[in-house]
Amino acid sequence: MNKVLINRRKDLIFSVAGLIATFVGLVMLVIFIGDILIDGLGRISWDFITGLPSRNPDKAGIFTAMAGSVWVLFLTTLISFPIGVAAGIYLEEYGKKGRISKILEINISNLAGVPSIIYGLLGLEIFARLFNLGPSLLTGSMTLALLILPIIIVATRESIKAVPSSIKDASYALGASKWQTMWHQVLPASMGGILTGVILALSRAVGEAAPLIVVGALAYVPFAPKSPMDDFSVLPIQIFNWISRPQQGFIINAAAAIIVLLVLTFLMNGIAIYLRNHWQKKIKW
Amino acid sequence: MHTKKNENIIEFLLFMSAFITVLTTIGIILVLSIEAFKFFKEVSIFEFLTSKEWTPLFTKKNFGILPLLSGTILTSLIAILVALPLGLTIAVYLSEYTSKKFRDYIKPSLEVLAAVPTVVYGFFALTVVTPFLQKLIPGMSGFNSLSAGIVMGIMIIPIISSMSEDALRAVPYSLREASYGLGSTRLQTAFRVTVPAASSGIVVSVILGISRAVGETMIVAIAAGQQPRFTFNPLVPVETLTAYIVQVSLGDVPHNSLEYRTIFAAGITLFVFTFILNNISYYIKTKYREKYE
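Chains as they are written, first to last, in the numbering used here: chain A, 1 to 285; chain B, 1 to 293.
Hints are all accurate, no fakes.
Per the computed footprint, the stretches of chain B lying under chain A, defined by three or more beta-carbons under 8 Å from a beta-carbon of chain A, are:
| hint | stretch |
| --- | --- |
| 1 | 110–117 |
| 2 | 151–158 |
Below, a sample of chain A positions facing chain B; criterion: calculated Cβ distance under 10 Å:
| hint | residue |
| --- | --- |
| 3 | Arg-8 |
| 4 | Leu-12 |
| 5 | Ile-13 |
| 6 | Phe-14 |
| 7 | Ile-31 |
| 8 | Tyr-90 |
| 9 | Ile-103 |
| 10 | Ser-109 |
| 11 | Leu-121 |
| 12 | Val-215 |
| 13 | Ala-219 |
| 14 | Ile-239 |
| 15 | Ala-255 |
| 16 | Leu-262 |
| 17 | Thr-265 |
Honestly, the hints are just simulated from the structure, not real lab data. Bear in mind that the values here come from a model prediction, so they are computed numbers and not experimental data. Note that the Cβ used here is the ideal one computed from N, Cα and C, for glycine as well.
Can you make the complete structure from the sequences, with help from the hints?
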């Protein structure tokens, strides 16, 4: 066999290997979601969603953990959205040149790589102990807000960058100030991309367990939290707690709670993808 | 009425928002160093770095970080051994062999793997992968670094494949055409022209993958066990730096005790590790950015 043929055959083999590799991950994902559905789908019921924690796996529900996750999502959005977008605007439009923005930029790219559990240690010492907020919802939400801030900032910068300078020039030419141009032109035009980034960041926050365990979120909370100062648990912590127990009943509960968590995560991702496509089609320069 | 003064106030507020990220970094470094400093007043750095026993919660206390470090390195190594070949093959395949349409469907689907919460991966490792591997390898422990590492590898496939693919696609088409013109196949072109040309981007993606594996917590806390031991045997329970921090956080260790400070000693070790990895990748990204044209 001559060299050309051998090389062509190698090329063909690689194209098959590539196809297989591409589907290995996806097949694993399917096996794994299938397995969880088989384990947990039968356990999902109205009683499971609205049930309080219990020592008896057949009676235990996820209500307090769900309520905690919704609270955390709400507070984290409230804190991280304005700060992240403001920081993104500053970096992209105001402090473009100079040493300080260079430092800010390197710093943000570094923060994005810090493991989430380290943020937990920060939240524990600063929010829970120094600010004396204890293991409250507020502590947890502020910790997660800091964790997702880099993602929101990067998304904001990317979407602002995509707004053509002609739009800004036209606004300035009409006598608008810099902030008026930002508020009335640049932000509305880039809101699709920003929202996509924010929702993706929040979908990451809702799946986080480690930093919240470190700040002291509890595995067992008898009642749903009523104020930001209350103790709390979240779905991922509830799942972790159930996985660590020996009884088979709790493993089934964990699978059922995972289904709820995955629905929540995929829903948020779906909305983000929808927003991205929707806005991309609508805005054409 | 908009005045110059208002504009300045707004700019200041925007700057302060951006500055919060700097405060975050300063906060992390201060918190870790202060608590670690208190820790090292009671424990010698020499013991910390050389002892092969980590038993701070026992009556006979030993404070050697090596067992936690070996657990972290072992699980991350297994993860990379899974993710690197798969991720790179996927990247080359998607960028050199497939149509844009196929890519547009496959890339977002692969990224779903990165969107799944890690506690869910932990469940998968413990209840599916470990029982499966136990059938193949009799005597394997119920908690082990092998299944935790494999599942972690699956999780980081999209980090490596997506970023490497972006790097490969950034290589100008003219380079490929020149190679094709000389009679090369797609495979030869990929591994002799495009992959070398995109090497810095690929290396960055791998480093970020490693950094993600080193800092990953829930998968290893669930599936790798909570027994610090200095070993590179993938079949026995180990404990990583991150899993140890979780273990202590779940217990009721009194604040300001030496046991409490151990999580900051473990934390600063983890932070230094990932900080170095992230900076290497940032350095490569800015220094070796290929420019054609």
